[in-house]
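Q: Residues per chain are reported as follows:
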Amino acid sequence: MNEIIRLEKVSYAYEEDGPRAVDGLDLSFERGSFTAVLGHNGSGKSTMAKMMNGLFLPTEGRVTVDGMDTADEKNTWEIRKKAGMIFQNPDNQLVATVVTDDVAFGLENLGVPPAEMPERINWALEQAGMAEHAFKAPHLLSGGQKQRVAIAGVLAMRPEIIICDEATAMLDPQGRREVLSVMEKLNREQGITVIWITHFMEEAVRFSRLLVMDRGRVVMDGTPAEVFSDEEKLERMHLRLPVMARLSMKLRKENGDIPLCLTAEDLAREAEKRWN
Amino acid sequence: MELKLDHVTHTYQPGSPFQATAIRDISLTVGDGDFTALIGPTGSGKSTLAQHLNGLLKPTEGTVTLDGEDIHQKGFDRRRVRQQVGLVFQYPETQLFEETVKKDIAFGPRNLGLSEDEIAERVRTAMEQVGLDFENEGDKSPFELSGGKMRRCAIAGVIAMRPKVLVLDEPTAGLDPEAREDLMEMVADLHRKGTAIVMVTHSMDDAAKYCSRTVVLEKGRVVMDGAPREVFSRAEELTRMGLDVPQVLRLGMLLREKGIPFPEDAIREEEAEKALLELFGNRSGPGLQDRKGGRGHA
Numbered sequence: 001m002n003e004i005i006r007l008e009k010v011s012y013a014y015e016e017d018g019p020r021a022v023d024g025l026d027l028s029f030e031r032g033s034f035t036a037v038l039g040h041n042g043s044g045k046s047t048m049a050k051m052m053n054g055l056f057l058p059t060e061g062r063v064t065v066d067g068m069d070t071a072d073e074k075n076t077w078e079i080r081k082k083a084g085m086i087f088q089n090p091d092n093q094l095v096a097t098v099v100t101d102d103v104a105f106g107l108e109n110l111g112v113p114p115a116e117m118p119e120r121i122n123w124a125l126e127q128a129g130m131a132e133h134a135f136k137a138p139h140l141l142s143g144g145q146k147q148r149v150a151i152a153g154v155l156a157m158r159p160e161i162i163i164c165d166e167a168t169a170m171l172d173p174q175g176r177r178e179v180l181s182v183m184e185k186l187n188r189e190q191g192i193t194v195i196w197i198t199h200f201m202e203e204a205v206r207f208s209r210l211l212v213m214d215r216g217r218v219v220m221d222g223t224p225a226e227v228f229s230d231e232e233k234l235e236r237m238h239l240r241l242p243v244m245a246r247l248s249m250k251l252r253k254e255n256g257d258i259p260l261c262l263t264a265e266d267l268a269r270e271a272e273k274r275w276n
Numbered sequence: 001m002e003l004k005l006d007h008v009t010h011t012y013q014p015g016s017p018f019q020a021t022a023i024r025d026i027s028l029t030v031g032d033g034d035f036t037a038l039i040g041p042t043g044s045g046k047s048t049l050a051q052h053l054n055g056l057l058k059p060t061e062g063t064v065t066l067d068g069e070d071i072h073q074k075g076f077d078r079r080r081v082r083q084q085v086g087l088v089f090q091y092p093e094t095q096l097f098e099e100t101v102k103k104d105i106a107f108g109p110r111n112l113g114l115s116e117d118e119i120a121e122r123v124r125t126a127m128e129q130v131g132l133d134f135e136n137e138g139d140k141s142p143f144e145l146s147g148g149k150m151r152r153c154a155i156a157g158v159i160a161m162r163p164k165v166l167v168l169d170e171p172t173a174g175l176d177p178e179a180r181e182d183l184m185e186m187v188a189d190l191h192r193k194g195t196a197i198v199m200v201t202h203s204m205d206d207a208a209k210y211c212s213r214t215v216v217l218e219k220g221r222v223v224m225d226g227a228p229r230e231v232f233s234r235a236e237e238l239t240r241m242g243l244d245v246p247q248v249l250r251l252g253m254l255l256r257e258k259g260i261p262f263p264e265d266a267i268r269e270e271e272a273e274k275a276l277l278e279l280f281g282n283r284s285g286p287g288l289q290d291r292k293g294g295r296g297h298a
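So the sequences go chain by chain: A and B.
The numbering used here puts the first residue of the first sequence at 1, with every later residue one more than the last.
The numbering used here puts the first residue of the second sequence at 1, with every later residue one more than the last.
Since the hints were derived computationally from the structure, they do not count as laboratory data.
Glycine residues also receive a C-beta, built at the ideal position from the N, C-alpha and C atoms.
All clues given are correct.
Mimicking EDC-like on lysine to aspartate or glutamate, the simulated pairs with C-alpha atoms at most 20 Å apart in a straight line are:
| hint | chain 1 | residue 1 | chain 2 | residue 2 |
| --- | --- | --- | --- | --- |
| 1 | B | 258 | A | 266 |
| 2 | A | 233 | B | 181 |
| 3 | B | 258 | A | 272 |
| 4 | B | 258 | A | 270 |
| 5 | A | 250 | A | 231 |
| 6 | A | 250 | B | 278 |
| 7 | B | 209 | A | 202 |
| 8 | A | 9 | A | 214 |
| 9 | B | 209 | B | 181 |
| 10 | A | 50 | A | 78 |
| 11 | A | 253 | B | 270 |
| 12 | B | 274 | A | 272 |
| 13 | B | 4 | B | 69 |
| 14 | B | 274 | A | 254 |
| 15 | A | 233 | B | 178 |
| 16 | A | 50 | A | 3 |
| 17 | A | 253 | B | 278 |
| 18 | B | 274 | A | 270 |
| 19 | A | 250 | B | 205 |
| 20 | B | 209 | B | 230 |
| 21 | A | 74 | A | 160 |
| 22 | B | 274 | A | 265 |
| 23 | A | 253 | B | 269 |
| 24 | A | 250 | B | 270 |
| 25 | B | 274 | A | 266 |
Beta-carbon label-pair distances, calculated as ranges:
| hint | chain 1 | residue 1 | chain 2 | residue 2 | range |
| --- | --- | --- | --- | --- | --- |
| 26 | A | 19 | B | 223 | 43 to 51 Å |
| 27 | A | 97 | B | 97 | 29 to 37 Å |
| 28 | B | 79 | A | 111 | 56 to 64 Å |
| 29 | A | 92 | B | 14 | 23 to 31 Å |
| 30 | A | 140 | B | 77 | 35 to 43 Å |
Facing chain B, according to a computed beta carbon distance under 10 Å, are these residues of chain A, among others:
| hint | residue |
| --- | --- |
| 31 | 38 |
| 32 | 174 |
| 33 | 240 |
| 34 | 243 |
| 35 | 248 |
| 36 | 267 |
Okay, chain B solo, but in the shape it has when bound (with noise of 0.2 Å):
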């Protein structure tokens, strides 16, 4: 599968006093085994863009292609760009709206025409996939799940129309920090099964912990690209940009500041476990006079 935007740019109600272009010249393209983080600060264009990887939005200018082919050319069909490309929106619980659980999930899949047995099959995997219970929350009606079960409910419904690419926007807003954690694990487990992610986020050290690629849009363009080390070792930019940084790295930048050896490249929490235990972490072993010349390694 192969996933492509070559040169687009949109503009929002073109001709009339209101026109904005919201992305110039954006070339991006999604693979298998992708796991990328969309960042940039509000109005950057990270949504705009995320809504024409599945076609939501036609490109002003410049294509958007799946597997080669035009998306938007005369005679293809979009359903299957809908169906390969799973987007899931901010604040999705909003959009529940069926009477049970299971009738939601089952809605996409309905659509696709699959037979009872397939829809329930695979309305089923979407609720383990996302971690609800078939039997004992599948009956209930959706308003009656927590919040972050509401979210995990209206995810489960974009999985189960087995897409290729999960693209998320800011699938974490407004959750507390255990429904955070459970809900980006959950997303890294269908990453290591297989689908490929586009996640629009703004938190830094979830795009440290997951993404293989992170890119950078400010005033609609892509003005980074790269693995989330070569994009946080532009920390001064990210910043100039309004943007954070991983906290490790701000925590690494001042202790080298104070002459502590911490490595640069830094990123993970469980990198920075591991440097500031080897830089300060044995009090029985050598001293520390000894060891300052040593340098830890993430």
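Bound conformation, chain A alone (with noise of 0.2 Å):
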């Protein structure tokens, strides 16, 4: 097993003696996973993410990213480099008044050789698909492009791991099409290791691994198609099936050999094996 993240025993209170938001956790993530994390609104996600790059630290057990502890402050830099973070703002994330100096900000702190900058910056730029708006304003740009540029900006720290905290939550279908697209593409063509957070079943049944949360702690990890089969239990966790899954289940209590379906192409195709 070749694992980049790992939790172990993993709880964090936000007050001393109060609620454990992430309570005994015990995970890890494999290097170039594509994971999904589901829960309702106040399940622990947010707070479980923020423990994986040391922005919090956990208040009992140990959390380590390829291998370093993150309680140890003389690792805080390189795991900060190693996992980078994006979060639903897309407003709140960019600080200067260009594209490229927003990507460069990230590099100027991990003080990266000027000479070096710019190949990086491109690169970056090139992979989320933002290096036509390069030197453009980043408040002119749609929330979508705004995510794509702090992307760049985690991405020029050439990090192995992304953790995006609800990254879509705040864009219009396009937006979320155009960052969750990027994301894939990150973990297909360079390895980079992804964690999603997010409340759109229809963007959980694109990863690989889904886990689902609930009063701080993991209740459901597995494919989605394993996740997806227990109705009961989502429902229980307040969440749904997707559209298209509820469709093929109803469908399915009527003509048994339909198949649990997660997208309209599945169902589609499902369909058409029966017609003809």
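Fit chain to chain and form the complex, with the hints in mind.
A: Quick look at the structure:
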């Protein structure tokens, strides 16, 4: 097993003796994996995410990123470089008045030699599909474009992990598609480990592993097909099946040989087999 | 009640280098009983339009009238619009500020100069309408509530004004699936009880499920306006604008490509369910071959 993040008996409480937002998590993520995290508001998703790059330190237990303990201060910079985070609000993450400067910001903080910067910045903007906007002012970009600038800013640091905490929540459908496609490509082509927190079930079906959190614990862990096959449990977790999954399951009750379908394409394909 | 935008154009910072026209020549009427979805890509002018509906923004050109009276004319009491047209911004919970849920909801009615009894009654009813528990949650700090409930508390503050029109700007953004569903059911219930609704949304599934009318904005102009079924029949144009179409509609297009006669006008989940069951459901019934000529109806 080649794991890049490991949580061992990890708990987190925002106040001393307060309730645990994360409660005894034992969990690991493999290098190059593509994982979505689901759970209702307040289930502990963001708290967990913030412990995975040392933004929060666990109240109990241990988090290691590529073998480095996040609680050890001398690892902090190395960990932040290795694991980048993208947050929900595109307007809160950009700092400069020109896109390239924004991407350069993190590199300056890392002390990257100026001669190396243009190449890294260009590469990052290229990867995020934002090269043509390099000299624009961020406030003139759409939400999806702003998020991709934020992704480029993280990418320029050459991370191995990118954690997206509801990165598409404030975007329109087009922006959501753009951002998720960029992350799919980075995972596929660059082998970047992606952890994607979302409330959109239609996004979740595109990942290879799904985690469902409730009360600070992981209560479901499997492929989308495995997780979405237990509708009752999902509903108890205040979640819902994706529309196509729900339709296919209703059909399955009547016509037992239709399997669980996660997307419209799946359902259309299965329907076609039974039509001709 | 009739709220009418007549040839409304709005330009931000006119005459400056930052001049930008957000909406152009928009005419739109909201009447009793309407449930209108306002859809369009980012930057198409949805929020600017929404803020004209209660007089928060003044048109650069054109007029906004409430029951025939220009709301920006001299001598018009604009508080009347603010009370009759409630506006719920994006992420309204960021505007909660009072010590308790009750006090926060009472803020608007108190500004109307109502009696304490009337205020208390309105707070109680508003909490009931949004599904908050008056006894157990009324004296809590609004900041102790869950995300979904905080949002409902903020909306209660607006509906306690008893508006005839409720304008909601992306009311479900950032909520988990159950909270989204609860919130949409709550809005549908307000609509059933007589409040006209205008909802800015990115969810085409919600527009298809709840709304009686869909208005599509692009680059500040109304480019489509009609019943959801009419608007969504122009799927290609919507896709070209970067918008989604209801998932059921997309399923239908895929099925018909494969020669399966799924009804063209199905846009809601329950319509898809019915059609699919008719096409594939009963395995003990007649064979598929026999039913191949039949067509489902939504």
